[in-house]
Amino acid sequence: MSANEKPKFAMYWAAACGGCEIAVLNIGEKILDVDANFDVVFWPVAMDAKYKDVEAMPDGYITLTLFNGGIRNKENAEMARLLRRKSKILVSFGSCASEGCIPGLANLSSRQEILDTAYGTLTTDNPDNIRPQYSYAAPEGELHIPEFLPFVQTLDQIVPVDYYIPGCPPESHQIGAVVDLVIQALQGKAQLPPPGSVIGAGGSTVCDDCPRKRHEKKIKEFVRIQQIKPDPDLCLLEQGVPCNGPATRNGCGALCPQAGAQCIGCYGPAEGVTDYGARLITAFASVIDADDPQEIERILDGLPDPVGQFYRFNLAASLLRAAKPAFTGK
Amino acid sequence: MSDTFEPVIIGFTCNWCSYRAADLAGTARVKYPPNVRLIRLMCSGRLDPTFVLHALANGADAVMITGCHPGECHYIEQNYKALRRFLLLRRTLAGMGIEPQRVQLVWASAAEGARLAEEIARIVEEVRALGPLHWPTSTDLYGKPFSEEEAFSVTKETSAPAEVNA
Ligand code: SF4
Ligand code: SF4
Ligand code: FES
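Protein chains in written order, with our numbering: chain A, 1 to 330; chain B, 1 to 166.
It is possible that some hints are incorrect.
[Claimed, not checked] Pulled from the structure, derived: some chain B residues nowhere near chain A, Cβ distances all over 12 angstroms: (1) T4; (2) L38; (3) I39; (4) A57; (5) E77; (6) R90; (7) G97.
[What the hints assert, rightly or not] Calculated Cβ distances over 10 angstroms to all of chain A for the following chain B residues: (8) Y80; (9) K81; (10) S109; (11) A110; (12) A129.
[Said to hold, decoys possible] Covered stretches of chain A, going by a simulated chain B footprint (3 or more residues, C-beta under 8 angstroms): (13) 178 to 186; (14) 208 to 214; (15) 227 to 234; (16) 287 to 293; (17) 297 to 307.
These aren't lab readings, by the way, just hints derived from the structure by calculation. The beta carbon of each residue, even a glycine, is placed where N, CA and C say it ideally should be.
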């Protein structure tokens, strides 16, 4: 790289909602540092660029790529591979890229069920039952859309990833800190953490950052937060509200329990957790105050959707990765 | 399912009771099917649900968890904890499409070799009737739709797979 040439920056969205892009724009004036220190070469939400421009770049041309979104279709998979080749540092940015996130919950259903829901329910105005076609002969020529894959995968299930920034979306101050770090590292003033690290987050759990008091109290029932008037100073889980703090990585500053709501797990598994849901099963099982199987079952009825509770963000990255219908198509 | 299907069942057994029960069944020459691979834990309370998920994700057809009878755990009440984890895990697995017979909990004291052998035989037959689990993460089926070659064939696609056209 010549002295006056800036490092190159790219950001891409695959199966995502766009919130990650907003979170990046939300870093405030720091976005000017990005501009001052990087040439933005590819960022579909912010500038016009074509995939063929990226294809034309030499391998390793992009210094830093923030990749958000999961791998839902072949276009996502193709872009993951392309950007991996073209990037020195590929960051799995946000929950969708890192663990599938909300789009990953589609891994509970087969493609057929998903399409039926999208195009064929009573509330859908689609009298001719029109379904998407992978290819269509338009007068101007044959048009194609990418294949919808059987289930959502995470970015690192497709290509090797250098770093992970968790969160749905990542907190802007955390993104700002990562931007600072990368700039410092490029100037030789700081060292990047070892590849594979989670950056822009803490090394323990949301509970560790949560100011609510815990007393090792056990519960006789699970409640939904709207059914009680929770004590503002006490741990929500000990009040029967299913809070995912014990298994979730810190980094957000325990925003939700401080605002009066349970943590739903958007920062993903805490350090050292292999399967997010398994960790929560262990945590919830230890607050239940019952030894009798029937009584335990009654208490568990208060968790009507265990998969949704335990894998809301993490299903695609869990050990099982998807439910049977997604795998078998039935 | 064909008669030749031999389920692979991972058995997590407590050192103080069921592992000895299995031992006793062996020394007493009580016959039980060889489908269960026993892994000894110090107590059923050591059973992290992660172990069960690992087993199922990596090719086991079922998991058997065993522990001391209620009130008899050597670590006071850890088997109750195991019971709660087990019941919650089973509900979670149901949501993933995994039948309840594929994860079973059995209490057996060190003296109950014959009873443990019967329970194992029962579980093996129940799982045999269900057929293989064959969870895709344990096979090369998984990941196949994402092979390099296929992912790059997007533009070459000429016709859509049947289930999307349906
Ligand atoms: S379980 Fe929730 S409310 Fe309780 S300490 Fe942890 S994060 Fe806070
Ligand atoms: S408390 Fe939990 S759900 Fe809320 S922002 Fe933090 S990690 Fe996400
Ligand atoms: S020691 Fe056997 S279950 Fe705890």
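Non-interface claim for R90(B): all C-beta distances to chain A beyond 12 angstroms?
9 angstroms, violated
Quiz item: Would the least Cβ to Cβ distance between A129(B) and chain A come out above 10 angstroms?
Solution: 17 angstroms, holds
In terms of Cβ atoms, is chain A entirely out of 12 angstroms range of A57(B)? 4 angstroms, violated
Please check whether the beta-carbon of S109(B) is more than 10 angstroms away from every beta-carbon in chain A. 18 angstroms, holds
| Quick check: the segment 178 to 186 of chain A, covered by chain B? Criterion 3+ residues, Cβ under 8 angstroms. | Contact hint for the segment 178 to 186 of chain A vs chain B: violated, 0 residues under 8 angstroms.
**Message:** The output says A110(B) does not contact chain A. Does that hold with a beta carbon cutoff of 10 angstroms?
**Reply:** 22 angstroms, holds
Checklist entry - Is it correct that the beta-carbon of T4(B) has no partner in chain A closer than or equal to 12 angstroms? => result Its Cβ never comes within 12 angstroms of chain A, the nearest being 22 angstroms, so this holds.
Item checked: Minimum Cβ-Cβ distance from L38(B) to chain A exceeds 12 angstroms -> 21 angstroms, holds
Within 8 angstroms of chain B (C-beta), three or more residues of the segment 208 to 214 of chain A = Per the Cβ count (0), the hint is violated.
If you count the residues of the segment 287 to 293 of chain A with a beta-carbon closer than 8 angstroms to a beta-carbon of chain B, do you get 3 or more? With 4 residues in contact (Cβ-Cβ under 8 angstroms with chain B), the coverage given for the segment 287 to 293 of chain A holds.
- Classify the label on G97(B) as holds or violated, using whether its beta-carbon is more than 12 angstroms from each beta-carbon of chain A. For G97(B), whose nearest Cβ neighbour in chain A is about 3 angstroms away, the distance does not exceed 12 angstroms, so it is violated.
Item checked: 10 angstroms cut-off, C-beta based - Y80(B) kept clear of every residue in chain A -> The assertion about Y80(B) is violated, with a minimum of 4 angstroms to chain A.
Hint compliance for this structure: hints 4, 5, 6, 7, 8, 9, 13, 14 and 15 are not met, and every other hint is.
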